[in-house]
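2 protein chains.
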Amino acid sequence: MVHHSIDEATGNEANITTPPPSYNPSEAPLMYKVGYPPQRNFAREFTDTLKETFFHDNPLQQYKDQSGPTKFMMWLQFLFPVLEWGRTYNFSKFKGDLIAGLTIASLCIPQDIGYSKLANLDPQYGLYSSFIPPLVYAAMGSSRDIAIGPVAVVSLLLGSLLQNEVDSNKNKEEYLRLAFTATFFAGITQAALGFLRLGFLIEFLSHAAIVGFMGGAAITIALQQLKYVLGIRDFTKKTDIVSVMESVWGSVHHGWNWQTMVIGVAFLIFLLFAKYIGKKNKKLFWVPAIAPITSVILATFFVYITRADKQGVQIVNHIKKGINPSSAHKIYFTGPFVAKGFKIGVVCGLIGLTEAVAIGRTFATLKDYQLDGNKEMVALGTMNVVGSMTSCYIATGSFSRSAVNFMAGCQTSVSNVVMSAVVLLTLLVITPLFKYTPNAILGSIIISAVIGLVDYEAAILIWKVDKMDFIACMGAFFGVIFASVEIGLLIAVSISFAKILLQVTRPRTVLLGNLPGTTIYRNTYQYPDARHVPGVVIVRVDSAIYFSNSNYVRERILRWLTDEEDKAKEMGLPRINFLIVEMSPVIDIDTSGIHALEDLYKSLQKKEIQLILSNPGSIVIEKLRASKLTEHIGSNSIFLTVADAVRFCSSKSLQEP
Amino acid sequence: MVHHSIDEATGNEANITTPPPSYNPSEAPLMYKVGYPPQRNFAREFTDTLKETFFHDNPLQQYKDQSGPTKFMMWLQFLFPVLEWGRTYNFSKFKGDLIAGLTIASLCIPQDIGYSKLANLDPQYGLYSSFIPPLVYAAMGSSRDIAIGPVAVVSLLLGSLLQNEVDSNKNKEEYLRLAFTATFFAGITQAALGFLRLGFLIEFLSHAAIVGFMGGAAITIALQQLKYVLGIRDFTKKTDIVSVMESVWGSVHHGWNWQTMVIGVAFLIFLLFAKYIGKKNKKLFWVPAIAPITSVILATFFVYITRADKQGVQIVNHIKKGINPSSAHKIYFTGPFVAKGFKIGVVCGLIGLTEAVAIGRTFATLKDYQLDGNKEMVALGTMNVVGSMTSCYIATGSFSRSAVNFMAGCQTSVSNVVMSAVVLLTLLVITPLFKYTPNAILGSIIISAVIGLVDYEAAILIWKVDKMDFIACMGAFFGVIFASVEIGLLIAVSISFAKILLQVTRPRTVLLGNLPGTTIYRNTYQYPDARHVPGVVIVRVDSAIYFSNSNYVRERILRWLTDEEDKAKEMGLPRINFLIVEMSPVIDIDTSGIHALEDLYKSLQKKEIQLILSNPGSIVIEKLRASKLTEHIGSNSIFLTVADAVRFCSSKSLQEP
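Listed in order, the protein sequences are those of chains F and V. In this text, residue positions in the first sequence follow our numbering: the first is 1, and each later residue adds one. In this text, residue positions in the second sequence follow our numbering: the first is 1, and each later residue adds one.
Everything labelled a hint here was simulated from the structure, so no lab data went into it. Computed from a prediction, not measured in an experiment: that's the story for all the values here. Please note: incorrect hints may appear among the correct ones.
Pairs of lysine to any residue, SDA-like flavour, derived with a Cα cap of 20 Å [to be verified]:
hint	chain 1	residue 1	chain 2	residue 2
1	F	LYS367	V	LYS602
2	V	LYS51	F	ASP563
3	F	LYS567	F	LYS602
4	V	LYS569	V	LEU604
5	F	LYS602	V	ARG361
6	F	LYS93	F	LEU366
7	V	LYS602	F	THR236
8	V	LYS607	F	LEU366
9	F	LYS607	V	THR362
10	V	LYS367	F	LEU604
11	V	LYS321	V	SER494
12	F	LYS51	V	LEU502
13	V	LYS467	F	THR53
14	V	LYS51	F	ARG559
15	F	LYS367	V	LYS606
16	V	LYS367	F	LYS567
17	F	LYS172	F	THR236
18	F	LYS275	F	LEU102
19	F	LYS51	V	LEU558
20	V	LYS602	F	ASP372
21	F	LYS464	V	PHE46
Where chain V lies over chain F, by a calculated footprint (3+ residues, C-beta under 8 Å) [said to hold, decoys possible]:
hint	region
22	438-449
23	520-526
24	532-545
Here are some chain V residues the structure puts well away from chain F; computed CB gaps all over 10 Å [claimed, not checked]:
hint	residue
25	ARG87
26	GLY96
27	LEU98
28	ARG233
29	SER243
30	GLY250
31	GLN259
32	VAL265
33	PHE301
34	GLN314
35	VAL422
36	ILE430
37	GLU486
Virtual Cβ for every residue (Gly too), placed ideally from N, Cα, C.
All chains should be modelled from the sequences, with the hints used to inform the complete structure.
Written out as C-alpha cells, the structure reads:
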C-alpha cells in the first residue's frame, strides 16, 4: 500500500557518513533489532493515503508560502500554461512552429475528410474538429509536441458505437446530434477524471492490450477503405473482417470500378514509397508529410480534366463552406439519447485520453520535460466540451501527426494554432476545390496513415518479455478484427484486469539458500550454488499478504516445509526445527494476512517447529504489533536479517543436542 | 507472478553446508554477480503458471506411479473420503459422533423451522434441508467438524432475492419452484468452481467485508424476528432498519400482543442466559446447545394447556408430515425464470461457499488437518444439486452449530448422519407436536443464535490493524442494515476490489540508508539511524512493476531524486551522481514496466546520473535481458546487493575528483 512514503520523506534526516566499513557479523551479532516506525493516528494515515493516491506529484508544492494575488496568478498559469511560456516566446521559436504547423496542416486536411467518413459524418465536421479544439488545447495544454485533431481509431469507434444506436443514413440529424452529445460527455468525462485526479484509472488499460487494440483497429480501418479504393457502392456497415471480405468479393464482378482502382492503387503505392523514403532518411521526413496533400491535388486535378467522375469514380462532391456553426442547441440534455450519448462518450473519451496521454508522455520523455497527466486531461476535456458546442466531434492527439510535428521541429503548441489557421482558410476559401477529389485518394491516404499503428515490433517484444501480456495483446487484436471494435476493447480491458487479479492471488514464494562465504541469502533457483542450512527452511514471500492471497501463502509455505522435510528424511539429514520467513518483500499485510500468519504459527507449533520472521517492513511490524501477534511469536524470534536469524537457529540447535 | 515456484522446487538441489562463516566484503568485493535463471520456453512457462494458479496444492501428487485400478480406487476415495476414513471408523469414534449429532439435531430443528420463515418458505422445507444434504456431505465432504443445514444469512439473502422476483404470498408455487431452481444453480456454481479449481475466486471477498456483512445480516435478521416476538400481524417485507422500525412502532398501539411478548421475551432472556453460562464455562457448552429445544417443548406445552393461541398468540400450526418429496420436476429449465434462478443461485451459492469454506478452514487448523477447498466446493455443490431435487433449499455449513458440534466432541461427519436421522424421525413422527409451538419462541431462538454473528471483537481488531479494511467492514455493515442485503453485499465486494486495484496502482517506494557499522541498507523511516551515502540516492521499489503502476513508479523515483538533490544543494553536499534502485521486492515486471525503466534511464542520462540496479529477481533479470535493457544500462551496473553497488559508486567517485 501507499501510506508512509510521505512520512518517510520527512522522517528521513540526512545524516551523512563516509561509505560503510566492512562488516563482521560474529563481532557484532545483533547490533540492530527490527525497528518500529512512529505511531500515526487514523486521520494522519488516511490523509497520507489519499495524498499519495491522488497528489503523489504534489502539484500544490509551488503554492506554499505565496501571497494571495501571486497564488491566483500561479493558479491561472497552472490552468493556462500559455501565460507561462508565452512570455518567453520569440521569433526563432515561431519559425519552428510555423514550419511544423504548415506540415501537419497539409497532413491533417485530407485525413480529416477521410476520418469523418469513418465516423459516418460529412467531411466538413472533420475539418471543424481541426479548427476549434487545437486552439483551446494551445491555451490549456502543457505538451509541446502533440498534434490535436480527429484520429482514425476514435473516429471508427465513435462511428460504430453511434451506428448501433441510430442509422446515419436514415435519420442523419439525430445521428449528428447524438455525435455532439457523445463528444460533450467525452469532454466532461476527460475533464472530470483530470480534475478529480483520477487520471491513474486509464493506467488500467495495459500497454500490451493497447498495442493489440490499435493494431486491430488499424487493420479494420484499412479494410474499410477498400470500399473507396475499389470503388464499391453497396458496402457492409459491419466492421469485422469476415463480412467486409464478403462484400468485397461479392461485388468483384460488377461492383468494382477499374478507373477508381487505378487512381487508388497508384497513389497508395506512391504514398507508401514516400513513407519508406521518410523511414530510410530521417532528414526527408517532409516527403511523407507533404505526399498526401500533393496526391490530393494531383488526383483532384486529374479527375477534373478527365471528368473521371462520369466513369463512376466517386468524388467528395460538396463540402459545406464556412466556419463551425454553433451546435450547443443540438446536444441532447433530456430524453433517451442522453444515456446513450453518455455511454458512448465515456468509452470514446477514455480511448482518446489513453492515446493523447501516451503521446504526451512519449515526447515529454524525448525532450525531457515533465507532463502532469491530470492537467492534460482537463485541457483535453475542456477542448472537447467546447468542440461539442461548435460542431466538432471528439478530437485528441494523433500519433502520426504528432510525430511529424516533432520531426518538423515544433517548439510549442503554437504549431497547433498555425495548423488551425490553415484549416480555417480551407473552410473559408478552398473547400469548393475539393469537389473533384476522388474518395479513392482519401482511402489510400488513410490506409498509408493507419498502417503505422500496426506495431508488430512492439508485439514481438511483448512476446519475448511476457507471454501473458502477449495473450492480452492478441486477444484485443483478433477481437477487433473478427468481432468488432467494442468487443476488442472489452477483451483488452477484461484481460488487463484478470492479469491484475491473478497477480495478487498467486504471489511467488521462493526457497532461500546461503551464498557460500557470505551472509547473503538468495533464491536457490536463480543462484544454484546457494546452499541450504541444515535443520532450517528459509522461505521468502514475494508480495504483500492480503485477503486475496493469505490462504494461498499459508498453504504454499507449509508445502515448501513438507517438501523439505521429505527431502531431509530421504537424505537422512537432521530434522527441520526452524522455519524462517523472509519478509523484506512483504510490504503490507491486512487482517486476513495476520490470521494466515497466526494459523501458520499454530500448525508449526503442533509440528514443534519454531516460526521466525526476518526483516518485516515498517507497516507490517506496526500491524503485527497492533494485532498482538508479535507477542505470540515472541519478539525475540523476529530478526533484522536472514543471516541473524540463521545464526540464532544454529546457536539454538547447538544448545539442544 | 506465479510461474517459477515449481521450477524452484525442482531446481533447488539440497547442497548442505555448515552455517555460513562471517563475511568481510572488502576481502571479497564481488564474489557473485546477479544470476540468470535457466531459460524456459513458452509452453513450459505457461503450464507452470496454470499449474501454480489452479493446482498449487498439487492434488495429483499421490497418483504418481500407481497402477490403473489403484488409481481408480484412489480417485474414488478422493471423491468420497468416507471410503478412506470409513475403514478406520470404530465405536469410540461413533460415541463422540452420536453425542455431537444429537446435540446439533436438538439445535437445528427449531432453527430450521425459523430459518425457512426467513426464506419465506413453509417450515418443513427447513427440516427437509437438514435431512438430505447432510447425508450427501457426510459421504463427499472432507471436513470433520462442519454441521450442514440451512443458515440464517443465506436464508435471508435467498428470501429477499426471491421476493424481488416473485411474491411469496400471491403465487406460492412459483416462488417455491424458483427457490428450487436457485438452489439447483447454487449447487452447480459451487461444484463448477471446485471442479474447475476456481476456488480462489471466493478469496476476493475480504475478511473485513465478510465480518461487516455478517454483522449487518445478523442484526437485520434479529430485527425481522420482532415480528414474532412482539406478535405483529402486518409486518413490512422490507429488511432495512428504517422501514422495519416504522412497522414496529406503527403497530405499537394495536398490533402488539402482550401474551406473545411475555412468552417471547421470557424465553429470549432464558436463552441468552444459557448462552452466557456456556461462554463462562466451556464444560457447560451443552446448556446453550439444548436450551432451544427445551424452551420449544416448554413453550409448546404451555400454549397447549393455556390455549394462548386463542388470545392471539401466533403458533406454527401445521407442519407437513413425511419425508422430502421429489422436486426435480419443479426446477425451471426453460422460460424467463431460468435466468433469474441462475442469478440468485450464483449469489447465494457464493455466500454459502464463503461461509462453509471459512468454517472448514477454522476447524481444520484447530485439529491440524489439511482441507482441499476445491474438493469441499464439489461436495457442497453436489449436496445442493441433490437437495434441489428433493425439496431442499440452499444448505451450507452453520457457524453456531459447527462450533457446538466441535465442542460436543464430534470425530467425523457421521455426526451429520446422526443429526439427519433425528430430523428424519421428526419429519415422520413428531411434526404434529409442533402445532402449538408459538412463533415467538422461534423468533427468540433465532435472535439468540444470530447475535453471535455480530463479531465486534473482530471489528475492533480490524480497526487497529488496517483502517482501510475497517471502512470496507463498516460499508458492508451499514449497507446491509440501512439499504438491503444485496446492497450490503455489493458494497462489500466493490470495496474489496477497489482495495486490490488501489494497492497495485500505488506501490510504496522508500529511501534506503546504511546502518552504521554494517553492510545492511534499510528504510530510513523505519530505521532513523540509517545514514545516507553522499552522492548516492538509494530507492527501493516495494512491488512488481506493471502497466498499472509503471508510470507512477517512474515519476515517484524521479521525485525522490529531486527531493534529495534539493536537500543536497541546501546543505552544500556533493551532487548526486548515482541512483541505485534496490529491486529485491520487484518480483515481476511487464512490458510497460520495462518501458518505465527505459524512460527513467533516459531522463537520468540527461541529468548525468548513473542508474544502478541492485538484486533483480529471476523473472525480472530474465525479462530485462529479453528486452535488451541490460545492454542499455550495462550489465556492469547491476549488482547483487546494495552494499556492492555502493562500494562501486564510492570507488568510482574517488577516481573522478
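Taking the numbered hints from earlier one at a time, note which ones the structure violates and give those numbers from smallest to largest.
3, 7, 11, 16, 22
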